[in-house]
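Visitor: Listed below, chain by chain, are the residues.
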Amino acid sequence: MIIGLDIGSRSIELVGIVDREVVHTKQVPTTFDPLFQCSELLDGLRPASLVGTGYGRNLIQQLDLGCPCSTITEIKAHAFGAAHLFPEARTVLDIGGQDTKAIALAKGKVMKFEMNDRCAAGTGKFLEYTASVFQIPIEEFGHYALKGENPPEISSICTVFAETEATSLMARGERPENIALGLHKTIIKRTVSMLNRVGLTFPLVFTGGVANNPCVRELLASALKITKPTDLLIPATPDMAGALGAALIGCGQQ
Amino acid sequence: MSDSAHREMWEKLDMDLEAHDALLAVLGTFYGDIYLSQENRLKGAEYLDFVLSEVHGLRIKELEQAKAEGRKVIGSFCVFVPEEIALAADAVHVGLCAGAEAGTELAEQLVPRNTCALIKSFIGFKMAKICPFTESSDMIVGETTCDGKKKAYEAFNEIAPTYVMEVPQTKTAAAKALWKTEVLRYLAEVEQLTGVTITPERLKRGIQVANDKRRALQRLTALRAANPAPISGRDALLVNQISFYDEPIRFTTKINELCDELESRIQAKEGVTPGTTPRLLLSGCPMAVPNWKLPYIVEGSGAVIVGEESCIGTRNSRDLVDESGDTLDAMIDALVDRYMKIDCACFTPNTERLDNVTSLAKELNADGVIHYSLLFCQPYAHETLKVDKALQSEGIPMLSIETDYSMEDVEQLKTRVEAFVETLA
Ligand code: SF4
Ligand code: SF4
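So the sequence lines, in the order shown, correspond to chains A and B.
For the numbering used here, add 106 to where a residue sits in the first sequence, where the first one is 1.
For the numbering used here, add 1162 to where a residue sits in the second sequence, where the first one is 1.
The set of hints was computed from the structure by calculation and includes no laboratory data.
Treat each hint with caution, since some may be false.
To be verified - With a Cα cut of at most 30 Å, we get these calculated DSS-like pairs of lysine-lysine: (1) Lys1576/B / Lys132/A; (2) Lys331/A / Lys253/A; (3) Lys215/A / Lys1524/B; (4) Lys218/A / Lys1524/B; (5) Lys1551/B / Lys218/A.
Let's have the full structure, built from the sequences with the hints guiding it.
Guide: Pasting the structure below:
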């Protein structure tokens, strides 16, 4: 089995492949001890080779697996995973725990990419943080925001300032669902400009944990004026795309 | 020279020894990690290591000696300040580095927080009393190359003797005339400071010494076109950085020796990395000592840097001063011509730079370009977009990086650079 391991800031995903077929997938939270989490994930598995990706990709060197190990960036991993799932893909958007990436593809290869700067504005962290202000579990935050209408303009994309704006809106009596929707909208603004900078062409594949959020999906589709469902493609498990891409690259290296 | 003798010297310069110790400790660790850890290094790199290890020691001692002989020390921050004139007046011309975060909080008392790291650094170095070059300078020459610097020198003048040259912003005939008056004004200022009258013979000599230095650097640049790359980008950057403060004649000799070694390496087809390594050109803002963050990340990501399109790089060495003039006026005109060729982002328009970047990338057989601009640096941030377009039309991929001297974004930079290198492989 060839394993792809995506060690992200919030979660770690593992995809195991045999003969280019996915035979094993698993996900755990990253916690403050990602190395321990990785060994838990790998417990009982005997990979023929392993490819690490994500923020913590270099940790695999400390795993001592006794098989060939290599690393690739999450940009290449998501591009590869997305292009495998949707060979027609031309652009990939990956919104993860701490980073947002827009990737232009040509024949499944990365042509150009953009990534957010040091701060986590507009990423999963932003949603996580603001959801906690609403005391709503992150998994439900998107559904909650979808109940909103007439979202107030939130001008700040900075996670901390956006919270300040949200609290002052609450103090003014604005409906919390509307504020939640407004917060989701700020992510979309930033994302769309990043997509435009790499020269967005359809079909667009949306990967990463934030692609699970129904409100972000809906707002993205409307901001990009998507009419055909084939223009915005979302994998069944978008958070697995990076690990899948890494595993596939491991196959290529065999 | 013993450490205690160094300390005595630093104390005499009124430096803050404790803060300076801290700076040297950081510098030492950095240097070990980034430079001494390299494989297949050149023999000639011993000179670099030595100069760097004695940067605040023996070199300062030399400055002290020069001063004891009645010579003056002139510091500068920009390649627009003509070194030839200082040399002609027997003064020592040193580029002040400003490549570390030290003293930033202090600097923010004099300049706004949203100021580029380079400006904050030179002000911080002075306020924290940690730079012996700054402390040894009898005069520091500023220039009006960007609004940030222009205003910063007003504040800097209150804490250090600062003289400012007005660098024009266009390349029209009027701009050139302005620059000529500035060069003449500077010449008079240097004469006054040093008590030396600059004769044609003296200026001729100054021009020659500076040109020889540039010729050695040009030779180095040309040799880096070879594949496999004969020298790491880090070492080459260091050569360029040292060119700003080591004694120029010694530097020229040493770098020519280094180039001899490179030539035999190239002949033997030996390199610092395999010939399949992706080759990158760095382009953009200058990288002052010890700003080695990005080169370190790039070369740690499986690429090799083959050139620096920057002021600590080809912008400083590309053009020579015409040596044929014999009168003072002809030589001044030659100087003016040479300096007006500098393609700093402060000029409008600055189309020469676009041509220079693309042709350099091709000459050095670079697979891609990394454009570096300092956070809050308007001129280079603007040009990032133009350079990207120019390179795109030539089919040369470019990655743009905007950062400062802090280490907080190292992991993100690594991801970007590695991903860029992956696209080239
Ligand atoms: S970039 Fe411009 S201002 Fe800076 S050193 Fe170079 S010429 Fe001077
Ligand atoms: S880096 Fe940019 S902003 Fe800073 S001094 Fe140089 S030109 Fe000015």
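Visitor: Does each hint hold? Answer for all of them.
Guide: So, going through the hints one by one against the coordinates:
Note on Lys1576/B and Lys132/A: the hinted pairing holds, with a Cα-Cα distance of about 27 Å set against a maximum of 30 Å. Proximity of Lys331/A to Lys253/A is assessed by CA-CA distance (about 21 Å); at most 30 Å being required, the pair is judged to hold. For the hint pairing Lys215/A with Lys1524/B, the CA-to-CA distance comes to about 24 Å; that is within 30 Å, so the pair holds. The hinted pair formed by Lys218/A and Lys1524/B meets the criterion: a straight-line CA distance of about 20 Å does not exceed 30 Å.
Between the alpha carbons of Lys1551/B and Lys218/A the distance comes to roughly 13 Å, so the proposed pair stays at or under 30 Å and holds.
The structure agrees with every numbered hint stated previously.
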